[in-house]
Structures are given as C-alpha cells and as structure tokens.
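**Q** Protein chains in written order, with this note's numbering: chain A, 1 to 591; chain B, 1 to 591.
Please keep in mind that the hints were generated in silico from the structure rather than gathered at the bench. Careful, some of the hints might be misleading.
Since copy identity is lost for identical chains, a pair holds within one copy or between any two.
[As the list claims (entries may be wrong)] No more than 25 Å apart at the CA atoms, straight line, and that leaves these computed lysine to aspartate or glutamate pairs for DMTMM-like: (1) LYS549 <-> ASP458; (2) LYS235 <-> GLU586; (3) LYS239 <-> GLU172; (4) LYS115 <-> GLU579; (5) LYS345 <-> GLU230; (6) LYS272 <-> GLU128; (7) LYS441 <-> ASP528; (8) LYS287 <-> GLU126; (9) LYS183 <-> GLU126; (10) LYS183 <-> GLU108; (11) LYS280 <-> GLU494; (12) LYS421 <-> GLU554; (13) LYS40 <-> ASP80; (14) LYS550 <-> ASP458; (15) LYS287 <-> GLU128; (16) LYS549 <-> ASP528; (17) LYS105 <-> ASP187; (18) LYS326 <-> ASP389; (19) LYS287 <-> GLU248; (20) LYS441 <-> GLU419; (21) LYS587 <-> GLU330; (22) LYS168 <-> GLU381; (23) LYS272 <-> ASP524; (24) LYS421 <-> GLU330.
2 protein chains.
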Amino acid sequence: MNYRERLAAIREQMKEQGISAYIIPSADPHISEYLPDRYKCIYFASGFTGSAGTLVITADFAGLWTDARYFVQAVEQLQDSGYELVKLQVQQAPEYIQWLAERLKAGEVVAFDAKLISVQLAQLLEQELSPVGIRIASHHDLLEPVWHDRPALPAAPAYLLDESVTGKSFPEKLTELRAVLRKQRADYHLISSLDDMAWLFNMRGSDVKCNPVVLSFALISQDKAVLFIEQDKLKEEEKLALEGFGVELQPYEEVERVLAELEACSILIDPKRTCFALYKVLAPSVKVVQNTNPTTFFKAIKNEVEIANTRKTMVKDGVAVTRFFKWLDENIGSARITEISVAEKLLEFRAAQEGFVGESFDTIAGYKAHGALPHYKATPESDVELQADGLFLLDSGGQYTTGTTDITRVISLGNLTEEEKTDYTLVLRGTIDGSTARFPKGTRGYQIDAITRKPLWDHARNYGHGTGHGVGFFLNVHEGPHVFNATPTPIDIEPGMITSVEPGLYRPEQYGIRIENLVLTVPDVVNDFAAFYTFETLTIALIDTAPVKKELLEPYHINWLNRYNQLVVEKLSPYLSAEESAWLQEKAKPV
Amino acid sequence: MNYRERLAAIREQMKEQGISAYIIPSADPHISEYLPDRYKCIYFASGFTGSAGTLVITADFAGLWTDARYFVQAVEQLQDSGYELVKLQVQQAPEYIQWLAERLKAGEVVAFDAKLISVQLAQLLEQELSPVGIRIASHHDLLEPVWHDRPALPAAPAYLLDESVTGKSFPEKLTELRAVLRKQRADYHLISSLDDMAWLFNMRGSDVKCNPVVLSFALISQDKAVLFIEQDKLKEEEKLALEGFGVELQPYEEVERVLAELEACSILIDPKRTCFALYKVLAPSVKVVQNTNPTTFFKAIKNEVEIANTRKTMVKDGVAVTRFFKWLDENIGSARITEISVAEKLLEFRAAQEGFVGESFDTIAGYKAHGALPHYKATPESDVELQADGLFLLDSGGQYTTGTTDITRVISLGNLTEEEKTDYTLVLRGTIDGSTARFPKGTRGYQIDAITRKPLWDHARNYGHGTGHGVGFFLNVHEGPHVFNATPTPIDIEPGMITSVEPGLYRPEQYGIRIENLVLTVPDVVNDFAAFYTFETLTIALIDTAPVKKELLEPYHINWLNRYNQLVVEKLSPYLSAEESAWLQEKAKPV
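Throw the hints in and build the complete structure from the sequences for me.
**A** This is how it looks when you write it as structure tokens:
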C-alpha cells in the first residue's frame, strides 16, 4: 500500500466508526521523543521522518502539523502522500486543537490511540473541545489493521551500570524518591518515561535508537518497587541483582492490569510523560496526583562521579572530533567527501574511542544551504559533495558508557563572504556570552536564553530554535526539566545541571551556523547580593577561528576564544599523535 | 487604643467567632495597590505604612509578611505593635498560606474580609487549605467594630477627559470591548479595577492619593453599560455626557445587588482585580469566565495621541527636574536641605508646570544610607540633612493631565569612593542596555529583565526588585499587564507600551543607586529573521556623568550617554532661562 492507500484505509475505518477526526502523534506508550520502529506511526502513515509533528485526518483533509525546522523536509516527503504541511506558529504547540475546534461541529467525534497521547494532551483536548460539544474517543488504533508488517517491540538486552559510573546506587535513589512520594502524599508512583527509569534503576539498553533506554514501566510504593520489563532482556545475574535490591520483576504488558487493580489509594503520575491509556484504567477510588516525576529533577543534577566521568568523556569525544576535522582538512578538494560519508567517517573516529556505544542522535552534516536546515539529515537523494568553499555545519554526538556528548561546529572550507564571517562571529559571541554568563541562584533558562541571543538581536538577527537543552548522563541527549529557551519554564538553573548552549543563524538556501558546547552549572561568587552561579564549558573541541571578524568582538570574547582553543590543545594533546597535535596547535593559534 | 489593644480586640472577636487565623491584606474592594484611607487596614492595625504586605493573626502569633523593600522600615514601625516581621522570600507571593497550612489543624477556620481579597487569592487559599481540612470563612470584617473613627469613602469629584487628550472616545473603546466579550462568550463583564474604569470611560478623579481614579464599578453587556458611582461626584453636564453615550448611572453600593440578580448568563471577571465578595453573590446559574480585563490589554498600548501628549509631558517634567537639580547644586552646603525639604522643593517646581495635577507616587528622596531602601519615604524622625558628600537618590513622578511621569536620578554630592563610582557606572550600563535593547516581536519582559541585569551580574552585583513596570497615561504609575522582571509573565512587549527601565544597586547602610527612564516600545528593523522592536526613551532629564568610570563602559554606552544628555539640552533649553540652559549645558558636557 502506498501512503494514499493507507490514508484511504484509515478514513474507511473512521467512517465505519463514526470518527470525524483522527489524531496520530509522534509518541510511544512512554511518550518518548525517539521512538522504537513499532511506533513510527507518522512515518508509516505519511512518509515524514522528522522527529516532531502530528497528523490530523478528517474526511476531506489530512495534515502534518510541524515546526519550522521541518518545513522544507516535510514539503518534499509529503509529496503524493495525501497529507499537507500545516506550519506551526509555535514549536510543539498543539495548534491543531484550535483547528479542530473551529472546523468540527458539536456532536462530532475526535479519536486517537490513548497509548500514544499523554495525559496532559488528552486533558487539553477535552478542555478545549468539550465546551464546543466535540466528543473525545480514545483507544482507537486505526493503524494496526492497516500496518501488516508492523515491527514487533524491540527485544534488545538490558544491563546494569556500576556505581563507579553512576555515583549513586539504586537503593539510595529509591530512598530519595520515596521521601518525595511521602511529601506529595502519594502511595504509589508510576514511572513511564524511559530515561527516568534508566536513571533510577541504573539500567541501560538499546531499545530505542540513540537513547540507551529499556522499554519498561515501574510502580513504586513505600514497600515495593515493581519493574515491568520483558524478562528475556535481563541476564540471570542482573535479575538476581535487582531482586537483591527488593525489586519485583513483572512482564512489560502486566502494568495495565496491575494499575487497574489499585484501589482506594493515591498515585503520582507525570501527566506529560504518562500515556492516557494507563491513566484511564485507574479506578475512581484512586486519587491521581499529577506532577513531574521526582526522578526528572534528581536526574538533572549530576553527581560528582557523573561529572568526573562526563569530563573524561568530553576528552575522548574531542579527540574523535579533532581527528575527523584533521582528516577533512587534509582531504577536502582531493577525496570525494559527501555529507553522508562525513557522518560515516566521524562515526568511525568516535567508534575507535573506548566506551563508545553509539551516536546520541542522527548526525546533522549540512554543507552550505543544507546547513540552513537545523535538523537536516542527509539522504541518498539530498546528499551533496563538499568542496573547498563555503561553510560546513556539523552537529553530532556520542553515547559513551561514561557520558553523552553533543557538539556543533561550523568550519570554513574556503572563500567566505563578509556576511558569512559576520554571521559566524555574532553566533560565536552568543555562544561565549551564554556559556560564560554569571547569574544569581534562582535564574531560569529563559534568562540565559535572552543573554545568549542579545549579540544577534543587537544586529537584527535571530534563530528559530531554543538556545539549549538539558543533556543526560549516558542517557537521552534531550533531557528535562530545564531548558534554555524563550518559553517561561519556571525551573531554576542549578549547579550540576548539564545544558547545551547553541545559538545559531540560518539563511535559507545559503548556509547555516550553529556553535554548540555543553556546559555544567557551577557555583561562583557568593556575596551580599546573591549566591552566583556560572558555567564550566565541558565540550573540548576546537572552535574554528578562520571566519572570525575580530572587530565584532570585545577583548573579553577574543580572550575567551584564545584561552578556550588553548585549553583544547592542552587537554587533547596527551591523546593525540605528534602530527595530530601539531595540526591542532596550528589551528588553535590565537586570533 | 494602641496597636496592642487593637490586636487584642481583634483576637477577642476571633475567639468569639471560632476563627483560628485572620488575614488582613493590603487591598480595597477594587484590589487596588494604592488605597483610600478607609482601607488602610494594615496601617490601622499595626502602624506599618508600606504599600505591600499582609497581616496574619492567630491566637499566639501576629505577623506582617512583606518583602525586602520594607524590612528595615517594618522592623522600626512594628516595634511594640504586637506584630512580628516575616520576611518574604519572593516579592508579593502569598507565603503565609503555606505557613497556615503547616500550623493550623484540620477543622480550624481561616477568615478574612471578602471585600479585600481577590477572587484569585480566595481560590488559592481554598485550593491550598482545603486538602488539609482547614476551612475558609469570608465576610468577616473584624476591624469595623474596633475602628471607631474609620474614614468614610472618598467623595472627590470626577471629570471626563477630552478626546484630544485620550485619542479615543468612550464609544469607540466600548465597541472594542464588546467585540472581545463576544469572542469570550461573556454576556456581561464586571470591571472592578479603577484604572481600567478610568481608561474606558475617559474619566479621572482623585479618590486615591497619586492615582487619578474614581471609586466605581462598571457592568458592561452588549446593550448596556452601567456605571456604579457616587452620583455627587459627577457634574450635571458630565452625567448628561455619559448618559448621551448610553451609560446608565447607578449608586456605587448597588453593584452587589445588581450582580446578585443576574441569572442564567455568563460574566467575565478578572480574578486578580475583582474582590471575592462580589464573586460570591453571583447565582449558581451564572457562568463565570475568569480572565484578565480586556481593557487592561487595550490600555497598555498607548495610541498616537497619548504618545504625543506623553512626549510633551516629559519635557515639562524634565524642566521641573532640571530646575530642581540646579537649585540643589547651587544650594547644597549653604542652605539647610533635608530629604523632606527636597521633596517639597521638587513638588514646587513640578506644580509650576502647566497641567500638573499631583505626584504620581510619594517621592523617594534617599541620602546616602537611605538610598539603600528602595521604597524609602522620609519621615520627620528619619529625615536627614544633605551634605556636599556622597550619593543622593531621587525617585519621583508627576501626574499631568497629559501624562504620567516616573524618573529616578542619582547624583554625586561630592567625594565619591571608587566603589560608588563603579556601582553607579554598572547600573547606568544596565539602564542603557535595557533601554536600547533590540528584540524580536514576541519577546517578553523577563527577557528584557535579563538583558538589563547582565552588566551587574557580570560583576557579581544584583538588585532585589524588578527592572521595570508599565506606566499609565495620566493614570496609575504601576500598570499591567506587562512588566520587566524575572517572573515568567507570558505577556509580549508590544509597540505602544510604556515601561520603566530602572536597574539599581543597594549597599545597606551605605548608599543606593537606581537610574530610571520611561521607554516606549517602537517598531525597528523588519527582515527575514523577524520584525524587531526597540525602545524610545521618553524621559528627558540629565543623567549625572560625575560618577561615571569610562573604563567600565564600551564606546556604545559612552556614545549613548553623551547623545542622550545632548538631547536633554536640546529638548529642554527652549523652556529654560539662559542661566538654566547654561547650567544644564555645562552638566551635559560629554564624558
């Protein structure tokens, strides 16, 4: 079946079941960002491969709601699919709800698969659509009957990490979690989000591409800790270890039944990270406390062991990145190098590093105009050859057993225009201002975001994405609860948090620039005014000085840049060959 | 009765009526910031004169919850009152609710006067206290029986403004308001907030000190507009004018009865600006739509006439301020000048300006250590004489029939320390960065706040208040919905908004610095990245250059400062004597 036929088959079921609109989100039963193949429903239905979007189907319209990062890609991929692109005004906002409210009539039915819709989103749909008489029907998986070769759930093995890596044992973490549950007066706590589970149980796996997580659920109370997981995933010794900690192991699918049997108690769930299907099975006598998973807050504050491991990991990753850029420098113009081959070569260098597990996200290698697509992934059709000319953007990262990396560098391959140099320098100034900001305790990400953007705003430039995201410790490369962007997220930026600082600038059909480092919040001056914090830059890899226009920087920025590149030389040289060191030193010469 | 006796009398009633805790907020039935004397309940009960705070009384504790601006003052004023100061962590947060939740037992009763508690606050009390079994009882005015000479409601006359001043007629405003009511599906709209009412009806008065408002309520529907106002306040011709616009006039006290008679309809009220007493009289068949008053949004965007009038007003105010500082400059060290006499002298200069109505707030004249109290008001007890030495902070403003001003200047009276100069220069840098910020459409006040603070944060300094507040047009000097501070208020900063930019720095018992201008949001560059906005500085008055340390500024700041002071000379000179001009020019010499 092609996409149009699949769409027709979905519409036929909608008609039969009296459904006026059907919503297909980008999610799995854990409301994950990265999905197991089984839940790549949007790709199956429409061919769109972007990692954010929602399909909404009515009898006479089918649309993909997605944001500016994916506009170009969506237009291409949706050709002949029967779906049209609907451009989101605000990234990740469920703007289709308003669209439904305006188009549907009272009495009509909106349906979705409740396993793929968060409790929060289901409540929002209810809240917005009920007043105008539109009905909500969940538990409708209209893809299953159409998707004949639908992939099974992943069955990759899971494994436990040693405390020398994680810095804290599962029992310690469990004790802290239980204290919060008592405070929130929750008898039970359901954890659905895979990274929270991985963190709590010090468990990793490879069920989801780029995310070292394990499909599982957990139900925690003061005297029990039940882990719902496919039993084959665990080796006998790991089962014993978990059971030794008092963990009860149950099959993955049992979670629904166990939740349904709860009675006359209270349960804490995270409405953003729990699917509506599990919420709906709870008995009326169960009082639901809706709040962010406590583990989300715990996990964001890295402990000393995690921080020390991450620092070491950054050196390994820096070595790989340095070798890659040296290779590129020496081969550009002679060997055939394309965006795809670049990604393969970079992976090769990373894979040679001890403890490397895989990429932390799909490499974004964007030459010239492709760099202007912030989430570009080269395909055989789009792939272009790099020439000794223009700007090349490379955003990539690795999962290591000792930490997660995420780095973006833009390098000059030659012949830059004045505008390219100006844009590069202003973005660099943003990276420096953001990642050297000093700020009082209590400062939030939206304030760091403004400080990072200021150099670009001053020159009437801007970028359409956030300034930075939390990063896990050998876990998801996007991790909450904190974020550096303009939305008013009331989460303080605390010591121990790891966040990216990645301002950018995109000139469609010309080039894109983004310079990204990971930073660790650290304590700074304490005085009568406040306890101040600042950032330590964790990422250790050369920032190209070739495009820098010194006159757009203050002495402060120039000093920082020179010192940083010198630090890169110092930290990486012990792991580089003499030839590699010499190349790096030459590139790191002060501007 | 002294304060202790009043407290005892309140506690006696609490005991009789079974009340465990009694809350006395700083509010009137319009949830105003500035209060008519009749509602200065906190002052009556405790002697505290600050404009923000809450008294909470239990059988064995009586406390004033207030913020850092008032700590020093509160300690002094509460001596022997029976009340203790409870320091707020976060300005204006109702932190006493948590305190009550922790101290009271299930079944105990918390009471307050529902006329003085907003709907929002009452709902918050309910939400936080009910789950722990604490009961809420409203409609308890325990002050009335104790307060024998309680002032009557103010009876100052009201008057209507001409369209040449306001730029928009009442019927036009009413039409726009009604369109929003239809959109929000509200049959009725109750307006309680006095500045919204003044704006809508183009009506002003002097019922409240510093705020040219009139005690009134309004009930608007698609076919009626009822103004509840003491009829004596209006002249016959103004009554006729209002009636000519279709306004129905009713006595002030009738609002409660009229609201109680509504049935089977919907009504829009602003939960932050409507008292709980009026909400409670609504019949169960009335559907309440809770939302910010539409007039609050309208009012914030000044029209061309208001802007032109404000610009002229700033020149008048600048002339008065210039004459004052010249007088001070020439008399300091010879005449006896105190903080109180300064305020009187400044008022004299302002009063000589055409259209001056009164102060827009109580002048803050703080010499040396008194400058470190951001909301200091000199009293005969605290008043000190100014010497030719140290820093003097003057924060003041005027109400003119053509606009509202608010300006803070700090001047050197001589012999500054290096630290004073550094602090002054960094605050000035903040004022310049904030008030020259360029930012894309959609930017919020919390982003402007961060940009303004950055120069201070960079040097490990900070200030404990917001960066700026909206300012009315011949209306309240504090006006929403927008604000420049760190709280995540999701209100875009739009062209036409007038806001203060007033970073500061306070060294307790030494000195305080604050440099404040009012700015107007104006459109700036429009390009592929965004529609950018920036600010036009409205305030026209010299910024003292004597304390400036050039090495802490970039050329950009120095140029701005010199150009600004030159602009002040150009704009004010036509209204100054030759001698005054010469003095100003000398002071405005470029640094």
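**Q** Taking the hints in turn, state whether each one holds.
**A** Do the hints match the structure? See the list:
1. LYS549 <-> ASP458: For LYS549 and ASP458, the Cα distance is within 25 Å both inside one copy (16 Å) and across copies (24 Å).
2. LYS235 <-> GLU586: Intra 50 Å, inter 85 Å, cutoff 25 Å: neither.
3. LYS239 <-> GLU172: This pair counts as within: shortest intra-copy Cα distance 19 Å, inter-copy 74 Å.
4. LYS115 <-> GLU579: Neither, since 55 Å and 80 Å both go past 25 Å.
5. LYS345 <-> GLU230: neither (35 Å within a copy, 82 Å between copies)
6. LYS272 <-> GLU128: both (17 Å within a copy, 23 Å between copies)
7. LYS441 <-> ASP528: within (13 Å within a copy, 36 Å between copies)
8. LYS287 <-> GLU126: Answer is both: 19 Å inside a copy and 19 Å across each meet the 25 Å cutoff.
9. LYS183 <-> GLU126: between (30 Å within a copy, 20 Å between copies)
10. LYS183 <-> GLU108: Classified as between: cross-chain Cα gap 22 Å, same-chain 43 Å, threshold 25 Å.
11. LYS280 <-> GLU494: neither (35 Å within a copy, 43 Å between copies)
12. LYS421 <-> GLU554: both (16 Å within a copy, 23 Å between copies)
13. LYS40 <-> ASP80: within (19 Å within a copy, 70 Å between copies)
14. LYS550 <-> ASP458: Answer is both; intra-copy 17 Å and inter-copy 22 Å each pass.
15. LYS287 <-> GLU128: both (24 Å within a copy, 17 Å between copies)
16. LYS549 <-> ASP528: This pair counts as between: shortest inter-copy Cα distance 23 Å, intra-copy 39 Å.
17. LYS105 <-> ASP187: Between copies only: 22 Å across chains, 42 Å inside a chain, cut-off 25 Å.
18. LYS326 <-> ASP389: within (16 Å within a copy, 63 Å between copies)
19. LYS287 <-> GLU248: Close inside one copy (24 Å), not across copies (50 Å); limit 25 Å.
20. LYS441 <-> GLU419: Between. Shortest inter-copy distance 24 Å satisfies the 25 Å Cα cut-off; intra-copy 38 Å does not.
21. LYS587 <-> GLU330: within (13 Å within a copy, 62 Å between copies)
22. LYS168 <-> GLU381: This pair counts as neither: shortest intra-copy Cα distance 47 Å, inter-copy 59 Å.
23. LYS272 <-> ASP524: neither (34 Å within a copy, 38 Å between copies)
24. LYS421 <-> GLU330: Within one copy only: 22 Å inside, 54 Å across.
Of the numbered hints stated above, those contradicted by the structure are hints 2, 4, 5, 11, 22, 23, listed in ascending order.
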